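Student: Here are the chains, one letter per residue:
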Amino acid sequence: AQSVTQLGSHVSVSEGALVLLRCNYSSSVPPYLFWYVQYPNQGLQLLLKYTSAATLVKGINGFEAEFKKSETSFHLTKPSAHMSDAAEYFCAVSDPNFGNEKLTFGTGTRLTIIP
Amino acid sequence: GAGVSQTPSNKVTEKGKYVELRCDPISGHTALYWYRQSLGQGPEFLIYFQGTGAADDSGLPNDRFFAVRPEGSVSTLKIQRTERGDSAVYLCASSLIPSASNYNEQFFGPGTRLTVL
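Residue numbers (the working numbering), protein chains in the order written: chain U, 5 to 119; chain Y, 465 to 581.
Bound conformation, chain U alone (with noise of 0.2 Å):
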């Protein structure tokens, strides 16, 4: 079985910070890792993907994330915060090995800019 860990369900920076938002997985085989945004009352939008190629993706709007394996984890950065960066973010893995590809979202972190 796999899941996903965002750890913080609120976090809150300031514009211009630093945003990280942490998510680690477990899964028995190597799996895909993803990260979504979703705005209010709208559809949720992939920001990016690990699929077994680079380790450090990039993503829309200048977010990218690390696959660390040795820490099991997928955070998510960007270096600078934008007011329409604040969203709710999912971390979500799937098994590629499965047969098909459902998602197994974490609980989800709202971020918060502060102007």
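I should point out that these hints are in silico values taken from the structure, not numbers from a laboratory.
Just so you know, not all the hints are guaranteed correct.
[What the hints assert, rightly or not] Derived DSBU-like pairs: lysine-lysine, alpha-carbon spacing no greater than 35 Å straight-line:
1) Y:Lys475 / Y:Lys542
2) U:Lys62 / U:Lys73
3) Y:Lys481 / U:Lys53
4) U:Lys72 / U:Lys53
5) Y:Lys475 / U:Lys53
6) U:Lys62 / U:Lys72
[Stated by the list, open to error] Simulated restraints on C-beta separations:
7) U:Ser88 / Y:Ile561: 30 to 36 Å
8) U:Thr76 / Y:Gly549: 49 to 55 Å
9) U:Leu22 / Y:Arg545: 33 to 39 Å
Quick caveat: nothing in here was measured; it's all calculated off a predicted structure.
Yeah, the Cβ is synthetic: ideal placement off N, Cα and C, and Gly gets one too.
Given the coordinates of chain U, work out where chain Y should sit on it, guided by the hints.
Tutor: Frame of chain U; chain Y shown alone:
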């Protein structure tokens, strides 16, 4: 092009009633997923279709929940004898057919917010 659409956007019903939620996937996407997102939680997998058949329905919580995709495109999630605990946002996603060698992104719809009174 058009994304995944879901109707209705909001549904309010009374305990014990039957509801249907509809998902229109992106044209050409053979894989379709349903997820349920309860308040304060991440989405939880319900069921996955490849074409017309349910390839994995392990996430359906009980036999009150059923989903169909008769022509391999539009899907309907059906909930019988609704309970207050069924209140959640029901999300649909579609993708090209998954394969072991190539990940195909799931594109999500905006969801249907179901409220059971």
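Student: Hints first: check each against the structure and report whether it holds.
Tutor: So, going through the hints one by one against the coordinates:
This hinted pair checks out: Lys475 (chain Y) and Lys542 (chain Y) have alpha carbons roughly 13 Å apart, not beyond 35 Å. Only pairs whose Cα atoms come within 35 Å are accepted, and Lys62 (chain U) paired with Lys73 (chain U) is accepted, the gap being roughly 17 Å. Using a Cα cut-off of 35 Å, the hinted pair Lys481 (chain Y) and Lys53 (chain U) is violated, with the two alpha carbons roughly 40 Å apart. For the suggested pair Lys72 (chain U) and Lys53 (chain U), the alpha carbons sit about 14 Å apart, so the restraint of at most 35 Å is met.
About 33 Å separates the Cα atoms of Lys475 (chain Y) and Lys53 (chain U), which keeps this hinted pair within 35 Å; it holds. A distance of roughly 15 Å separates the Cα atoms of Lys62 (chain U) and Lys72 (chain U); the hinted pair therefore holds under the 35 Å criterion. Separated by about 34 Å at the C-beta atoms, Ser88 (chain U) and Ile561 (chain Y) satisfy the suggested range of 30 to 36 Å. Remark: the range hint 49 to 55 Å for Thr76 (chain U) to Gly549 (chain Y) is contradicted by a beta-carbon distance near 32 Å.
Our hint of 33 to 39 Å for Leu22 (chain U) and Arg545 (chain Y) is violated, since their Cβ atoms are close to 49 Å apart.
When the structure is compared with the earlier hints, violations turn up for hints 3, 8, 9 and for no others.
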